[in-house]
Amino acid sequence: MPNTIALSTVTNVTGKRAYRLSVLRDRLWRAALWTCGLIGFLLPVSIIGYLIFEGIHCVSWQFLVDYPRGTPLGSQGGVWPAVEGSLALASIGLLVSFPLALGGGIYLSEYGRSQQFNKTVRFLVECLAAVPSIIYGLFGYAFLVVFLNFGISLIAGALVLALIMFPILLIAVQESLRAVDDVYREMGLSLGVTRVYLIRRVLLRKAWPGIVAGVVLAVGHAVGSAAPVLFTASIYFSKGGLRLDRPVMTLPTHLYHLVSEAISFDQAFGTALVLIAGLLIFNMSAMLLRRLGGGLTR
Amino acid sequence: MTFQLETTYSRVLEGVRQVPGPAVSTFDIHDLSVAFNGRSVLRKVNAIALDRHVLAIIGPSGSGKSTLLRTMNRTLELTPDARVTSGDVLFKGERLYGNGTDARLVRKRICMVHQKPVAFPMSIAENVLFGVRFHKNWNGRRKDEIIQNCLENAGLWDEVKDRVSEPASRLSVGQLQRLCIARALANDPEALLMDEPCSALDPVSTARVEELIVALKRQLPVVIVTHNLAQARRISDQSLFLYDGQSLEQDVTERIFTDPRNGRVHDFITGKVG
Chain A
5 MPNTIALSTV TNVTGKRAYR LSVLRDRLWR AALWTCGLIG FLLPVSIIGY
55 LIFEGIHCVS WQFLVDYPRG TPLGSQGGVW PAVEGSLALA SIGLLVSFPL
105 ALGGGIYLSE YGRSQQFNKT VRFLVECLAA VPSIIYGLFG YAFLVVFLNF
155 GISLIAGALV LALIMFPILL IAVQESLRAV DDVYREMGLS LGVTRVYLIR
205 RVLLRKAWPG IVAGVVLAVG HAVGSAAPVL FTASIYFSKG GLRLDRPVMT
255 LPTHLYHLVS EAISFDQAFG TALVLIAGLL IFNMSAMLLR RLGGGLTR
Chain B
258 MTFQLETTYS RVLEGVRQVP GPAVSTFDIH DLSVAFNGRS VLRKVNAIAL
308 DRHVLAIIGP SGSGKSTLLR TMNRTLELTP DARVTSGDVL FKGERLYGNG
358 TDARLVRKRI CMVHQKPVAF PMSIAENVLF GVRFHKNWNG RRKDEIIQNC
408 LENAGLWDEV KDRVSEPASR LSVGQLQRLC IARALANDPE ALLMDEPCSA
458 LDPVSTARVE ELIVALKRQL PVVIVTHNLA QARRISDQSL FLYDGQSLEQ
508 DVTERIFTDP RNGRVHDFIT GKVG
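Protein sequence lines, in the order shown, are assigned to chains A and B.
The first sequence lines up with residues 5 to 302 when you count with my numbering.
The second sequence lines up with residues 258 to 531 when you count with my numbering.
One or more hints might be untrue.
[Unchecked claim] Just the calculated beta-carbon pair ranges, DEER-fashion:
1. B:Val430 with A:Arg182: 54 to 64 Å
2. B:Glu423 with A:Arg24: 47 to 57 Å
3. A:Leu132 with B:Asp359: 37 to 47 Å
4. A:Arg182 with B:Arg398: 31 to 41 Å
Simulated from the structure, these hints should not be mistaken for lab results.
Backbone N, C-alpha and C define an ideal beta-carbon position, used for all residues, glycine too.
So that you can see chain A by itself, here it is in the shape it has in the complex (with noise of 0.2 Å):
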């Protein structure tokens, strides 16, 4: 039995207890980081589980397609003008920002040969992601609305929502194609090929995953920020139907509406719900959307 005897010393000299600590902070850290993974998956589960649970018995498919009614307006009816007016925004506003943030992070990443440059540039665009969205709406106001005439209107807040998705956008284009391998550049341009085939055929759709998920996070921002369309585009009532030079319903404000001049809670509920349930879909299908050009992206 020399063998045991050794082994037993052994552990004798490093000291039972202090094994015993290390595996009970290993336990507790374990335990510690658990926890705050957890709170990760309740928080987000929790917020939109309370949606549900306050705003399921007001939506229906006429709250949807309505228009707001009843006395004070909005006590009844939908939010179709809203879900309409946010769309639009939304859709305008990304189909602005997104060729020029594209251009712009492809430039940054691909082309600008001095570093000084990029590196000025890059913190410029930082700074504009750091803006307040409150001092974006007040831009536009000042700017869009008045100097330029262009009045509350569509167009307006659709311009100040491009504004806001830009920095995202443009800082997601240039990180996921900064994150893009040199050796596929490489490659690429030792077959002869320009930087523009190149970018178009391989850069970009290497970079497709991290370009997709900037989209989701900057319309997910603009959708759902009621300050900058506050002054520019919204308007606390509409019947629906869009047009450029006229003001639109958002989801955003008439949430804030209802709510700020108690209104009905259940119809901010029901707004809240609509607006996220739209955010969920539209994630989700920007997610299929990364797979589906994902099974060529790997």
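Starting from the known structure of chain A, arrange chain B on it as the hints suggest.
Just chain B now, kept in the frame of chain A:
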């Protein structure tokens, strides 16, 4: 320290006489110097590569082997700050660094296979056609013809013929390297440069790529950078020894390995220095 090109010519050509077929020089590198951001990496390098022969570039790490290879199809300038400061590379008598030489056209004619094989995010077939679609050099060939032909020449056809429309990312590393070779061959290149093409591969894949190189040299000149001296000895006809940015010796491979003139080359080959 560096040798004169004329001596190399005579020695190499003398050795070549034992190799069947006509020996025509394709690459003539004259006093080529390259600097990265002012730091000199290649100093007055002289070398030649013969048509339908394999030239191995050997030497310790950091001696400028890959840099030299990259000057040979003008991919060097893809690295910002890299400059050819003197000399030139002649390819079939044309100056690669002359005024008015189109770098992209050079890269189309002289293709490179890299150390780390990667699949472009598309099908196996589209990977092969990547350059062809750009250069539009169909030369009357059909799409499937090119795909089959290039994959056959790269020794990959039998393994992938039933799944050429699948994403290329599903291939193994060894297969990917052969796909990269097929992709380069689809450009109809006049020369093939290989930068340590086997260093990421397992021994079986390495053997396959080596067989391929020996087969390819029947059609075009191959220049290969390798760390593996045994490999250089197995597959190359001539070897160029680079040391600290200088070309110390070029000769018929067998002679470099058995009877090098330069002391440094001798030390490296016998393993006295790494």
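Against the structure, the hints come out as follows:
1. At about 25 Å, the CB distance of Val430 (chain B) to Arg182 (chain A) disagrees with the hint of 54 to 64 Å.
2. Between Glu423 (chain B) and Arg24 (chain A) the Cβ separation comes to about 55 Å, which falls inside the hinted range of 47 to 57 Å.
3. The hinted range of 37 to 47 Å is satisfied by Leu132 (chain A) and Asp359 (chain B), whose Cβ atoms lie roughly 40 Å apart.
4. A beta carbon spacing of about 38 Å between Arg182 (chain A) and Arg398 (chain B) agrees with the range 31 to 41 Å that was offered as a hint.
When the structure is compared with the earlier hints, a violation turns up for hint 1 alone.
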